[in-house]
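K.L.:
Model the placement of chain B on the given structure of chain A, informed by the hints.
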Amino acid sequence: MADNIEQNIEKHQYDVVVIGAGGSGLRAAIAAHDAGAKTAIVTKSLLGKAHTVMAEGGIAAAMGNRWPEDNWEVHFRDTMRGGKMLNNWRMAQLHAQEAPERVQELEDWGALFDRTDDGLISQRDFGGHRYARLAHVGDRTGLEMIRTLQQRAVELGIDVFMECTITELFKGDDGAISGAFGYWRETGTFIAFEAPSVVLATGGIGKSFKVTSNSWEYTGDGHALALRAGAALINMEFVQFHPTGMVWPPSVKGLLVTESVRGDGGILKNSEGKRFMFDYIPEFFKAETADTVEEADRWYDDKKNNRRPPELLPRDEVARAINSEIKAGRGSPHGGIYLDIASRRSPEFIHKRLPSMHHQFKELADVDITKEPMEIGPTCHYVMGGVEVDPDTELSGIQGLYAVGECSGGMHGSNRLGGNSLSDLIVFGKRAGEAAAARSAGTSARSSIDGHLAAAEEAALAPFDPKGDENAYTIQADLQQTMNDLVGIIRTADELEQSLKEIEQLKERAKHLKVEGARPYNPGWHLSIDIHNMLLVSECIAKAALARQESRGGHTRDDFPGPDPVWGAKNLVLTLNSSGDGVDLAEKPLPVMPDELKKFFEEK
Amino acid sequence: MAELKMRVWRGDDEGGALQDYTVEVSEGEVVLDAIHRLQATQAGDLAVRWNCKAGKCGSCSAEINGRPRLLCMTRLSDFEPGETITVTPVRTFPIVRDLVTDVSFNYEKASELPSVSLPPRDADGKRRMAQVDVERGQEFRKCIECFLCQNVCHVIRDHEDNKPAFAGPRFFLRYAELDMHPLDTHDRRELAQGAAGLGMCNITKCCTEVCPEGIKITDNAIIPMKERVVDKKYDPLVWLGTKIGIRNKDNDGREAAPKQKASPVKRPR
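Top to bottom, those sequences are chains A and B. Under my numbering, the first sequence has 596 at position 596, and the numbering climbs by one with no breaks. Under my numbering, the second sequence has 228 at position 228, and the numbering climbs by one with no breaks.
Any given hint could turn out to be false.
[Claimed, not checked] Have a look at the derived ranges for each label pair, beta carbon to beta carbon:
no.	chain 1	residue 1	chain 2	residue 2	range
1	B	T22	A	D469	55 to 63 angstroms
2	B	P236	A	Q13	54 to 62 angstroms
3	B	D102	A	G580	31 to 39 angstroms
Rather than coming from a laboratory, the hints here were simulated on the basis of the structure. The C-beta atom is built at its ideal place from N, Cα and C for all residues, glycine as well.
Excised from the complex, chain A in its bound form (with noise of 0.2 angstroms):
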């Protein structure tokens, strides 16, 4: 190969890199530029393409529009009470605190929210928020988070470097970042920026499950580049099925349903008919969730008196309760269950509330949402883990590496509640990328790169030498029936260990690549670089599963049916070996939320 490589690669400086041009990818980029560095971004889409434009219902903040009684003290309890208190206390607190003056801000930036009827920015119902707390706008608001970033940065000029895909992180010889290094995917050249601070912000890991919610993009990179340049991984186990994807048709098996539906008064129901969920509030909700259709139904008007619908359970407790009465055989006929908003709304409403929901099923399902039931069961939806960082400048281990959004961890502990995502993007982006341009600012010296060039030149283009004869899109849907079979969202130590058997083979198979064709916009050849990260990022979720011996939020262990105390008060953290082909797992004590915080928490 060593014709291919390249003499001259295009070379950048700048003070912060932001790999990821999602939420909090915006959001860290237009805080490192507002606080004077010469900020990057690099996204491996085209910019307003992210992941974030799938994001439906709205953002959680408590900006007490719709009622009063909301404050920050109320959305920090929801989100630890969601996590089943594995939540980094730190995290969730200035989350809680910071979410609604980052809303405003959209809002400063051309956001066009809905409105109540005092013309505030309006908040709907969503499961495991107190009080309807999610700024929306119908059910396209991550679309309208990801434009008015994005035309935001566009304006301030923020260098955007599009379709171009960051295969490898540099640190220099004290240990701290020092640069990165990819390739467009448009030509196939290289390309390389030296910066001393790097911001991750590369979303999840989706696409190693079959049945999922997530675009391509979801590879896990940012998991794995921090892996490799030394930091640790947190909460891995922890993956959230949202209890409402389509089932039918096959295509768009997985396709997510928004919690909205629910937020906005749809139900789930069986084939016989029945609500079930009245049959499956655990012990830890029972005191906030109504026990009786009438008070159910009573809530969307009144909640001073009544308690939360069941359907409006955190998204764990919905998921397990569908998957349960899918394996009862009171399925649909396409094996999901039914979530019916058309007997409970009005046509009009439903237009309103819910459009793109509308189009979606008119368009691939052929239902007409107003007026029949939608069939819907479990997808894989979201990581809550990732990167273990400092919850007030998203730090990682590594000097000069930050991560947020979905790659961080801690944020949402066990199981994230609906509309904290997009919270989460833009209090914490706007933190790291603070962070990260006070970083820069006070250091001068910057460390070549150029000694680095050349390996991670030859690392990209090793699969154009065919070592073999495998198909990376094979291994792709190999991995993705595994951990769909194995790791999915019921759980067993024998299925799990068999999982990791599976990955190690898969992983074999990675290094007998073989790719057709030449440099330029070939998928192919991406998809045999993305396939390392996705591997080791599974290697991470299995193993942590596996050693988790409880059931908490997004982990579900079959032989380990409750939540334990003790395993309630660790995390497990997670490493690259030392050997640099797969990971270490070690525990680790949770941070221990100071008495002010913890009086939250005994009231009821």
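P.N.:
What follows is chain B alone, placed relative to chain A:
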């Protein structure tokens, strides 16, 4: 599984041709599923853009049997059984490879467009707008930037030389959105007419026809925007009023928007 006959354009900026494929497909699938199966089993290097596969990101624009469509929202059942499906890249933008085109034209036009400019917030730190007033802009903000409207607009589809002077329907939508924002303080009418070339649009409605979001681009954005420009520029009463110092209410609190700078979006060196 059934067999589908496809013709897919393969090539790059130096040329290419339609290639015939036969691919297995199953019930309920969309064209993008068939393209993905081609990739996975027969043509690993087939270049195609896609992200969400749910009609929300606007990445997978292409021409299917000559019609500009999203690959992920075009169901195979829309075609006759046995019909050959031909997939070609969008025509208005330069080819990168196979079904992928260079859409940087759109990012350049986006950066020329002055962003929103709002007055200070209310005393309590919040802003107030009526739902009925934000709804007009909300329709335009449904845009997923698939650029199919840009692709089909004959002002640039058939006249490459118009590109420097013409922003295209996607950005007229943005001008209209900002002009109808209940709190925005900028006046972009001259820019819309001058730099963006709004006058070159002769309202053939091709853009509206292909919009996968069903936005009434021509009726709700372009025509009202044209009227606003005309009101300012050619209405004799307004003209007279300006001359003798009577202020037009439409200009109250609004100042001309500054011209914007070059696109910060980078291309390979």
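K.L.:
Failing hints, ascending?
P.N.:
1
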